[in-house]
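Asks: I would like the entire structure built from these sequences, with the hints used as guidance.
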Amino acid sequence: MAGLIPAYDSAEKLELLPTPTSPGQVAVRNVRRRPDAILGGILLGIVVVAALLAPALAPFDPFSPKGPSLAPPSPPHLMGTDALGRDLWSGVLYGARTSLTVAFLVGLMVLVIGTLVGTTAGYRGGWVDDVLMRFTEVLQVLPRFFLALVVIALFGPGLDRLVLALGLSSWALLARVIRAEVLSLREREFVEAAVTMGAPVRRIIFRELLPNILPSAVVVLSLLLAQVMLLEASLGFLGLGDPNTISWGYLAGQAQRFLRVAWWLSVFPGAAIMMAVLGLNLVGDALTETLGGRT
Amino acid sequence: MSATILDVSNLSVVFGKGSAAVPAVRGISFAVARGETLGIVGESGCGKTATGLALLGLLPSSGRVTSGVARLGNRDLLAMSPRELRGIRGRRLAMVFQDPATALNPVLSIGRQVSEAVAAHNSELDRAQAKKRALDLLEAVGVPDPAARYRDLPHVWSGGMRQRAVVAMAIANRPRLLIADEPTTALDVTIQAQVLDLLRLVQGETGAGLILISHDFGVVAEMSDRIAVMYAGEIVETGTAGKVMETPRHPYTAALLRSVPDLDLDREQLEVIGGQPPNPSLLPSGCPFRPRCFLSGGRAVCRETAPRLDGEKGSHQAACHFAAELAIR
Amino acid sequence: MSRHLLEVRDLRVHYRRQHRKVKAVDGISFTLAPGETMGLVGESGCGKSSTVRAVLRLLKPTSGTITFEGTDLTHLSPKQLRPHRRQIQAVFQDPYGSLNPRMTVDQIISQPLRIHGLEARDRVDDLLDLVGLGSEHARRFPRELSGGQRQRVGIARALALSPRLVVLDEPVSSLDVSIRAQILNLLKEIQDRLGVAYLLVSHDLSVVRHLSDHVAVMYLGRTVQAGTRGAVFGRSAHPYTRSLLSAVPTVARSRSERIVLTGEVPDPAAPPPGCHFSPRCFQSAEACFDLEPALANYSDSGRCACHFPLPAPPLGSAGPDRHQRTI
Chain S
17 MAGLIPAYDS
27 AEKLELLPTP
37 TSPGQVAVRN
47 VRRRPDAILG
57 GILLGIVVVA
67 ALLAPALAPF
77 DPFSPKGPSL
87 APPSPPHLMG
97 TDALGRDLWS
107 GVLYGARTSL
117 TVAFLVGLMV
127 LVIGTLVGTT
137 AGYRGGWVDD
147 VLMRFTEVLQ
157 VLPRFFLALV
167 VIALFGPGLD
177 RLVLALGLSS
187 WALLARVIRA
197 EVLSLREREF
207 VEAAVTMGAP
217 VRRIIFRELL
227 PNILPSAVVV
237 LSLLLAQVML
247 LEASLGFLGL
257 GDPNTISWGY
267 LAGQAQRFLR
277 VAWWLSVFPG
287 AAIMMAVLGL
297 NLVGDALTET
307 LGGRT
Chain Y
25 MSATILDVSN
35 LSVVFGKGSA
45 AVPAVRGISF
55 AVARGETLGI
65 VGESGCGKTA
75 TGLALLGLLP
85 SSGRVTSGVA
95 RLGNRDLLAM
105 SPRELRGIRG
115 RRLAMVFQDP
125 ATALNPVLSI
135 GRQVSEAVAA
145 HNSELDRAQA
155 KKRALDLLEA
165 VGVPDPAARY
175 RDLPHVWSGG
185 MRQRAVVAMA
195 IANRPRLLIA
205 DEPTTALDVT
215 IQAQVLDLLR
225 LVQGETGAGL
235 ILISHDFGVV
245 AEMSDRIAVM
255 YAGEIVETGT
265 AGKVMETPRH
275 PYTAALLRSV
285 PDLDLDREQL
295 EVIGGQPPNP
305 SLLPSGCPFR
315 PRCFLSGGRA
325 VCRETAPRLD
335 GEKGSHQAAC
345 HFAAELAIR
Chain A
157 MSRHLLEVRD
167 LRVHYRRQHR
177 KVKAVDGISF
187 TLAPGETMGL
197 VGESGCGKSS
207 TVRAVLRLLK
217 PTSGTITFEG
227 TDLTHLSPKQ
237 LRPHRRQIQA
247 VFQDPYGSLN
257 PRMTVDQIIS
267 QPLRIHGLEA
277 RDRVDDLLDL
287 VGLGSEHARR
297 FPRELSGGQR
307 QRVGIARALA
317 LSPRLVVLDE
327 PVSSLDVSIR
337 AQILNLLKEI
347 QDRLGVAYLL
357 VSHDLSVVRH
367 LSDHVAVMYL
377 GRTVQAGTRG
387 AVFGRSAHPY
397 TRSLLSAVPT
407 VARSRSERIV
417 LTGEVPDPAA
427 PPPGCHFSPR
437 CFQSAEACFD
447 LEPALANYSD
457 SGRCACHFPL
467 PAPPLGSAGP
477 DRHQRTI
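Chains as they are written, first to last, in my numbering: chain S, 17 to 311; chain Y, 25 to 353; chain A, 157 to 483.
Hints are computed from structural coordinates only; laboratory data are not their basis.
Worth double-checking, as some hints may not be accurate.
Derived SDA-like pairs: lysine to any residue, alpha-carbon spacing no greater than 25 Å straight-line [to be verified]:
hint: 1; chain 1: A; residue 1: Lys344; chain 2: Y; residue 2: Leu294
hint: 2; chain 1: A; residue 1: Lys177; chain 2: Y; residue 2: Pro178
hint: 3; chain 1: A; residue 1: Lys344; chain 2: S; residue 2: Glu205
hint: 4; chain 1: A; residue 1: Lys177; chain 2: Y; residue 2: Leu177
hint: 5; chain 1: A; residue 1: Lys216; chain 2: S; residue 2: Tyr139
hint: 6; chain 1: Y; residue 1: Lys41; chain 2: S; residue 2: Asp52
hint: 7; chain 1: A; residue 1: Lys216; chain 2: S; residue 2: Asp145
hint: 8; chain 1: A; residue 1: Lys235; chain 2: S; residue 2: Phe222
hint: 9; chain 1: A; residue 1: Lys235; chain 2: A; residue 2: Arg213
hint: 10; chain 1: A; residue 1: Lys235; chain 2: A; residue 2: Arg270
hint: 11; chain 1: A; residue 1: Lys216; chain 2: S; residue 2: Arg49
hint: 12; chain 1: A; residue 1: Lys235; chain 2: S; residue 2: Leu132
hint: 13; chain 1: A; residue 1: Lys235; chain 2: S; residue 2: Arg218
hint: 14; chain 1: Y; residue 1: Lys41; chain 2: S; residue 2: Asn46
hint: 15; chain 1: A; residue 1: Lys177; chain 2: Y; residue 2: His179
hint: 16; chain 1: Y; residue 1: Lys41; chain 2: S; residue 2: Ser250
hint: 17; chain 1: A; residue 1: Lys177; chain 2: S; residue 2: Arg49
hint: 18; chain 1: A; residue 1: Lys216; chain 2: A; residue 2: Arg320
hint: 19; chain 1: Y; residue 1: Lys41; chain 2: S; residue 2: Arg202
hint: 20; chain 1: A; residue 1: Lys216; chain 2: S; residue 2: Ile220
hint: 21; chain 1: A; residue 1: Lys179; chain 2: S; residue 2: Glu205
hint: 22; chain 1: Y; residue 1: Lys267; chain 2: A; residue 2: Val333
hint: 23; chain 1: Y; residue 1: Lys41; chain 2: S; residue 2: Pro51
hint: 24; chain 1: A; residue 1: Lys235; chain 2: S; residue 2: Glu205
hint: 25; chain 1: A; residue 1: Lys235; chain 2: A; residue 2: Lys344
hint: 26; chain 1: A; residue 1: Lys216; chain 2: S; residue 2: Leu199
hint: 27; chain 1: Y; residue 1: Lys41; chain 2: S; residue 2: Arg49
hint: 28; chain 1: A; residue 1: Lys344; chain 2: Y; residue 2: Phe318
hint: 29; chain 1: A; residue 1: Lys179; chain 2: Y; residue 2: Trp181
hint: 30; chain 1: A; residue 1: Lys179; chain 2: S; residue 2: Arg202
hint: 31; chain 1: A; residue 1: Lys235; chain 2: S; residue 2: Val211
hint: 32; chain 1: A; residue 1: Lys235; chain 2: S; residue 2: Arg202
Replies: In structure tokens, the structure reads:
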């Protein structure tokens, strides 16, 4: 009988792709192919570009009543004007800024607070976990819209208050999801391996746990941001937004009185809101499906 | 001469579609006689599980049978509609799978599930009669005090007990053929012995044919009358258990037998098969075992022509161009 | 000054599960010399995994001592434990689950070195070579490797700090049969080359037999038989060992010699009184149900905990004990 064959037959080529691919890269590739993700991405992309390039793309100052009153869409006012003669196209562009700014800032707050709370509760367990979770539950029960109303009623309208109110009350779901992930990952052998090596707790959390929790966090965030945008638009609609910034909701709110005579005043801002929210939801759904399992 | 219960010819199973299609089973043929145990042994990716699933009509949606005939009695299993298969499964044909936790519904009591297995093909029995049959079955498979445990939910039973319940459900209607896919892999060794004994007992009493699918050579060797060794979707060797284990004719079988650490032998180093089991979507040309074969020696025919099983169906067959050389070494 | 590398004395791990006390490990003692392999074997619930997890300080022992190279590790804080962790590493069962899916192979292997502030670059190449992988694997992610390759990465990682003891927790159970031999040979080769000691845990008796110098058979948290490999496998003095050995289906053995035990492994939360094995034992007597047997020598190199140790089978018999035949 033949003798020992070497333990590793280096002639055996691995069936590898030409370059190393990480789980993240695989996930991105899977998402990129999906039609819903592509569509969502396009919609979001348009919104982001509009927000970033608003000063360049907007021909007029959205607040200045320079144009004819209630003019239908036609050059130079591509989306028409409102009762005060303000250009709607510029308004929509600057409105994108507002929406995205609010979404981004709130998202940042939620990410930081939610991760902190979720990771601590999941990793420490015990009474720390109990206390944090009770607190989280209280927050989950709070209706955010009315909380925002109360804040505005007490402290007056303003973007900063809005961001704070929403940011401080929206992190509950993310904290729960992250806590659940930490609980399950904590038992995985690669975490045990890190402990065996003598890795300090901080390193375990940042190098082992968080990178693997990222996909779930992204999913929750994307859907949350869509909600936040809608909340902001709703508040603007009621006239409770920041008077110094243009908001899609505000534009739509102002358009109510002119529904019959100036269709463009409600259609364009409404379409813009829909585009942003739909885009986020589509991308969020696509991510949920692709990243829903383990990476 | 014992009657043949199952006769499979040229079975092929493919997963996926179009350019991403992966051949899991590539034209295999075998037969099982009354009261006989056929052991199908191989490693992951060899197609043994797909074979069992194909026969039962339980391939996942991504898999389909692309060729073959599987005659059970006088009907072709592979040509049956889902409805016809449902009529047969549990009656003529039954299965035992690896994980009893997934075979049993976690929210129904075990007793009820066994009764259901009885009632499903015996509509003339009423509830009480079905329950009595279920209790008899549970006792037959060695569950102590079945009456007291009839209402237990699966999670309170141990793995070995659950597997016994699964066997009870499988034999409820005295099937002609039992397919067991890794029935004891998830169980402790001493419990494994009990369950294997049970399967043997059950087979002896009902005269059913048993197809035992496993990666564990020891289990297969002990239980089987005949063995089929699978590699890369094909049967590379088949014959009676004694012959295949003692005088293997295919280099894969021979190498595998010598690489497994044996409880009875002291060896300093184990013989190793280099490389790893092939990826079904990237099979080498010619013989699929060639890259790892010690017998091939780089000879061209191994790279060019895929070997077929030699000899007569039913004899000790091997799919190797140089099987004769193995005997001499 | 003890010449033992590892000394475990009367280790107990008890925990509460739904208001009941579970004695996962109930008085285990053993020693391990440098460069040797100790195999813990038993079925589920026997406490072998809990034992090694206690040695690794992944869980806290309830009582008993774990002494490594003369230092008592049992009650050290995580900070005090750190320098000792360099000497005790582990290879885990699941080749995929034990590697961080988001790290590349070289990051995984060099992680222990980076944690302890050591230079990594050359070491990684050496380690890859040691376990039979090539530099083309260094930048790959675990998902791109096969099970055997991943386990090699796990072994390389365990060796990165040049530990004196490596815990092997079911090192080949998740691998394909034809790959197991590669990994087992690799482990032996590494031990020969580097002189590292192994604490091996496995339910697979043949793996334990292949790798171990000393063996302890465990049942419900206690040692039922222990000794050198030859003493335990050559003469299964304890009825449980004998049943275990005969239950393993092997190619060569015929089925007529099988001892089939009745009943299930009892719940560790409610172990039978006296000898834990008595309800299932084929030779239990009155004394067995009342009195817990102590570990006592039955030969020069073997101990067993039984009131009625089984005698060695006569030479040439067809019993489950076979004399060693070397190939």
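Asks: Could you grab the alpha-carbon distance between Lys41 of chain Y and Pro51 of chain S and see if it respects the 25 Å cut-off?
Replies: Satisfied, since the Cα-Cα distance of roughly 20 Å is no more than 25 Å.
Asks: Is the Cα-Cα distance between Lys216 of chain A and Arg320 of chain A 25 Å or less?
Replies: holds (22 Å)
Asks: Tell me if the straight-line CA distance from Lys216 of chain A to Ile220 of chain S falls inside 25 Å.
Replies: Holds, because 19 Å separates the two Cα atoms, which is no more than 25 Å.
Asks: Verify the proposed pairing of Lys41 of chain Y with Asn46 of chain S, using a straight-line Cα cut of 25 Å.
Replies: Holds, at about 18 Å.
Asks: Straight-line Cα separation of Lys41 of chain Y and Ser250 of chain S no greater than 25 Å?
Replies: It is violated: about 48 Å lies between the C-alpha atoms, which goes past 25 Å.
Asks: Below or equal to 25 Å on CA atoms is what counts here, so check Lys235 of chain A against Arg218 of chain S.
Replies: At roughly 13 Å apart (the allowed maximum being 25 Å), Arg218 of chain S and Lys235 of chain A satisfy the hint.
Asks: If you draw a straight line from the CA of Lys267 of chain Y to the CA of Val333 of chain A, is it 25 Å or shorter?
Replies: holds (21 Å)
Asks: Please work out if Lys41 of chain Y and Arg49 of chain S have their alpha carbons no farther apart than 25 Å.
Replies: Within the cut-off at roughly 18 Å; holds.
Asks: Please verify whether Lys235 of chain A and Arg213 of chain A have alpha carbons no more than 25 Å apart.
Replies: Holds: Lys235 of chain A and Arg213 of chain A sit about 12 Å apart, inside 25 Å.
Asks: Below or equal to 25 Å on CA atoms is what counts here, so check Lys235 of chain A against Phe222 of chain S.
Replies: holds (19 Å)
Asks: Please verify whether Lys235 of chain A and Glu205 of chain S have alpha carbons no more than 25 Å apart.
Replies: holds (21 Å)
Asks: For Lys235 of chain A and Val211 of chain S, compute the direct alpha-carbon distance and say whether it is at most 25 Å.
Replies: Status holds; Cα separation ~12 Å.
Checked against the numbered hints given earlier, the structure breaks hints 11, 16, 17, 19, 25 and satisfies all the rest.
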